[in-house]
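Visitor: Given only the sequences and the hints, what does the whole structure look like? Please build it.
Its first residue numbered 1, the sequence shown is counted upward by one per residue in UniProt numbering.
One thing to keep in mind: the hints can contain errors.
What the hints assert, rightly or not - Result set (SDA-like, lysine to any residue): computed pairs, CA atoms no more than 20 Å apart in a straight line: (1) K176 x M1; (2) K92 x D77; (3) K115 x G271.
None of these hints come from the bench; they were simulated from the model.
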Amino acid sequence: MKVCVITTVHSPGDIRIRKELETLHSGGHEIHFIAPEGDFSLAGISYMPIARAGGRLNRFLRGSKDALKIARSVNADVYHFHDPELIPLGLKLKKAGKKVIYDIHEEYPSVIFMKNWIPKLFRSLVSRFADWYEKRAVRKFDGIVVVVPEQLERFPVAKRFAVLPNYPNVERLKPKRRTSSDGVLRFVYSGSIDIDRSIVEMIQAFRLVRKAYNVELNLLGPIFDPELKRLILGSESAAGDGLHYKGFLPYEEALDSVAQDDIGLMVMHRGRSKEMSSPLKMFEYLALGLPIIASDFKKWHDVLDERPCALFVDPDSAEDIAEKMELLIKNRELRSQMRDNAIEISSKYSWKSIEDRLLT
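Guide: Below, the structure is given as structure tokens:
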């Protein structure tokens, strides 16, 4: 079967999309991949880059138009797209008689309330429209892919669905686990860096513990807000050698970096989309053997309390985050036990255990 996978928002190296490409290819399908220009190499996958369109409106108009043109030329049996901006493209392909699958990475109507580029006055209206439009479109598609079961509550009319959590390839991560320490305790946050992910509170907490302990904080990931980027870089200078912003690294390089750290941070502000999320970083931290400091969300408790490997915090309180940081700094035995627990439960959360859902 010929399958065409499409994104205009994500980079070609997006790890979720890459895992799905590998799974589809291993299932014996002919895979064509339409994505923005960038570094991409995956055996057996026909990569069809489109020019990166600057600005959200331009990306929506030009990117979608370019992607649709290439998609039609592929003449695939199944089209699998990953962005809500591509819903009109999906509907056009469906109208042409094609099978169309929509991969829904987040609960987008909830996410809209956190978008600083949308004026607050209009966010509720935009969210309601997005909810209505997405639900209406899903009725016409042949199936959807979601990250967590809670997303399905919005789509009872979906013809078919697959739940594919953000699990990593655990076997690839095992060799990266750190076996020794140089004596400096390192905290790490890996992922998109944004205000709603409690980045300000994490930096404030780090400054508090840095006054008394020889610790470091490594930040890895993209920063899309120019104001926030200035704040991060300013904090990096103010904190001396302790805080390091490493930027957006290729996936394997980012994992190698995280593997050299000691404690993973996974703190996000409250909100429906965040509290129901299944972040890739959580399962990567587990597989790498990192104790975790996490927001006090019920869904995260369900995973991390099985064998205690996390300390939970109020995501709005830098003081609470600092308190949990200090507890782990001072208690080496606790860190060691949490590391062992993390490694023990990580095998349950492997992409290999769920990838067949994509093929059925």
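Visitor: Next pair to validate is K115 with G271; report whether the Cα-Cα distance is within 20 Å.
Guide: holds, 13 Å
Visitor: For a C-alpha distance cap of 20 Å, please report whether K92 and D77 respect it.
Guide: Given pair K92, D77 holds - Cα atoms ~14 Å apart, limit 20 Å.
Visitor: Would you check the hint for K176 and M1, treating anything up to 20 Å between C-alpha atoms as holding?
Guide: Roughly 36 Å between the alpha carbons, so the hint for K176 and M1 is violated.
When each numbered hint is compared with the structure, a violation occurs for hint 1 only.
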